[in-house]
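Line by line, the protein sequences are chains B and E.
Per numbering that gives the first Met the number 0, residue 0 is the first one in the first sequence, and the count goes up by one each step.
Per numbering that gives the first Met the number 0, residue 0 is the first one in the second sequence, and the count goes up by one each step.
FYI, nobody ran anything at the bench for these hints, they're computed from the structure.
Don't take each hint at face value.
For identical chains, the list gives no copy identity; a pair is met inside one copy or between any two copies.
[Said to hold, decoys possible] Below 16 Å or equal to it, Euclidean Cα-Cα: the simulated EDC-like pairs (lysine to aspartate or glutamate) are: (1) Lys98 with Asp61; (2) Lys8 with Glu25; (3) Lys245 with Asp221; (4) Lys34 with Glu227; (5) Lys34 with Glu162; (6) Lys45 with Glu30; (7) Lys98 with Glu227; (8) Lys245 with Glu211; (9) Lys45 with Glu13; (10) Lys239 with Glu228; (11) Lys103 with Asp221.
Take a look at the letters that make up each chain.
There are 2 protein chains.
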Amino acid sequence: MIPLSEHLKLRQAEVDAALDRLTPAETTLPETIHKAMRYSLFAGGKRIRPALCLEAAAAISDVAPGVFEAACSLEMIHTYSLIHDDLPALDNDDYRRGKLTNHKVFGEAMAILAGDSLLTLAFQTLTRAAGLDAAGKVALMEELSFASGTDEGMIGGQVIDIESERLPPTAELLARIHRAKTGALLRASVRMGAVCAGADSAQMAAISRYGEHIGLAFQIVDDILDVEESSEALGKTAGKDAAQGKITFPAVYGLETSRAMAAAECTEAHAALEVFGERAVRLHQLADLIVHRKA
Amino acid sequence: MIPLSEHLKLRQAEVDAALDRLTPAETTLPETIHKAMRYSLFAGGKRIRPALCLEAAAAISDVAPGVFEAACSLEMIHTYSLIHDDLPALDNDDYRRGKLTNHKVFGEAMAILAGDSLLTLAFQTLTRAAGLDAAGKVALMEELSFASGTDEGMIGGQVIDIESERLPPTAELLARIHRAKTGALLRASVRMGAVCAGADSAQMAAISRYGEHIGLAFQIVDDILDVEESSEALGKTAGKDAAQGKITFPAVYGLETSRAMAAAECTEAHAALEVFGERAVRLHQLADLIVHRKA
């Protein structure tokens, strides 16, 4: 078995090829919007959500029709949310992954529309899921649209996050923000892979538990890195959470307890994978990677 | 048969009730985003797209499962596009339908997220289309996602519109902008109603032709009204097209020829309805209404 880092590079190349195929070319009219969409889509993202989607499917079956479309739709939603988050009216960030943010290159109007376009393209992409039956496509759309929505979904988490700046950082509020803001989409990532692989209900329950635990671990580590790492290592402005008065895990629990919590979530994630046996080896490795990453 | 105006009032009440049922309550957490979504969703829209969807279905069958969800998804897309269009970085409008625009009430950050939320909710809504089979739901998603996208769809039209300000107003450019910017979604409105009603391919072709002609008529009349009517009558800033150097039908063809073109499109729309016989009476009336409206 090749090491995870090699494996992820191959997967990333496959995902990038699928994204390229599923996104209108830069020469498709009107060119500007397609250039703006592609600028952020190919700005060096780590493709964590697509990787989770693909490996969840692989843990269940060798055959998973539509799994690349599912993986790409997740990356499109993630990318649109970053473009809009970076806008002056929201986080007002000039850099993302070490490159200028979308609105710094294309202007605010085009950045707003590029975000809208990627959000729309995500759902278009699911209608094109190759080889998947209509019921499977509808199941994917349910997962993606609820996970990225307002009610316990991604946008809901962003709103609570914005509104609770400078509020007393309580454990309950923190849990609610992160379950919605990043947790819902990470959970949907593995569930969508499982849908494509034809998971039964026990498999779906197990993969959901895995998704919830690595989702929380991911966010705890993100908050820790914002405190510990340099802007250079992160490719974005470090220390922003504290400067903006954001409610974070280190702010609520301190760094040491936060590290212990991330490790505990990782252990729970491993436990959830038991039903999949040997097939889940990449999901086990991804859980460890998420907790031990440096950016 | 009751007059169209009465009929539309009843339909509008049904659509409003469905929108209310399909959109999270103002008390659903996080409250602000749901208030912002509802503010624009219930700001006095004429519900033209839902009406076209419902009447297209009625022209084909008495039974059209999921048609209210289809109708509401169209209004959600239309409303999100208005919220984002009105933002300072785009058209920078303070009023819409005689009320303050979303960002003037809720701030830019929340207006951006409210638009994103309505776009997401539109696709969520289609997954909930009551009584429609999975193949029908996927067909609705194809229609909606392509009509509102960048490649010959709504966002594409907005981008060309923005980029061609101050360019020489040619007939070809004008046709391209409007086919995409408003035409695609109006065409999708009748096609989605037809999908719910189980249209055969001849009926789908006829309803598409109708949709294309009333779509063009609608836009020509919109451009004429921007020149002729007061801001008060329109509920938005009149004369903005000329001030912004937009390419409009009056700018390319003059007012008199524009009026004749709208009438000709209306005639073609009527002709397209022939296959539906008596069942299409409301679609005939809607075509006339679109051409003779004053706001």
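Are any of the numbered hints broken by this structure? If so, which, sorted upward? 1, 2, 4, 6, 7, 8 and 11
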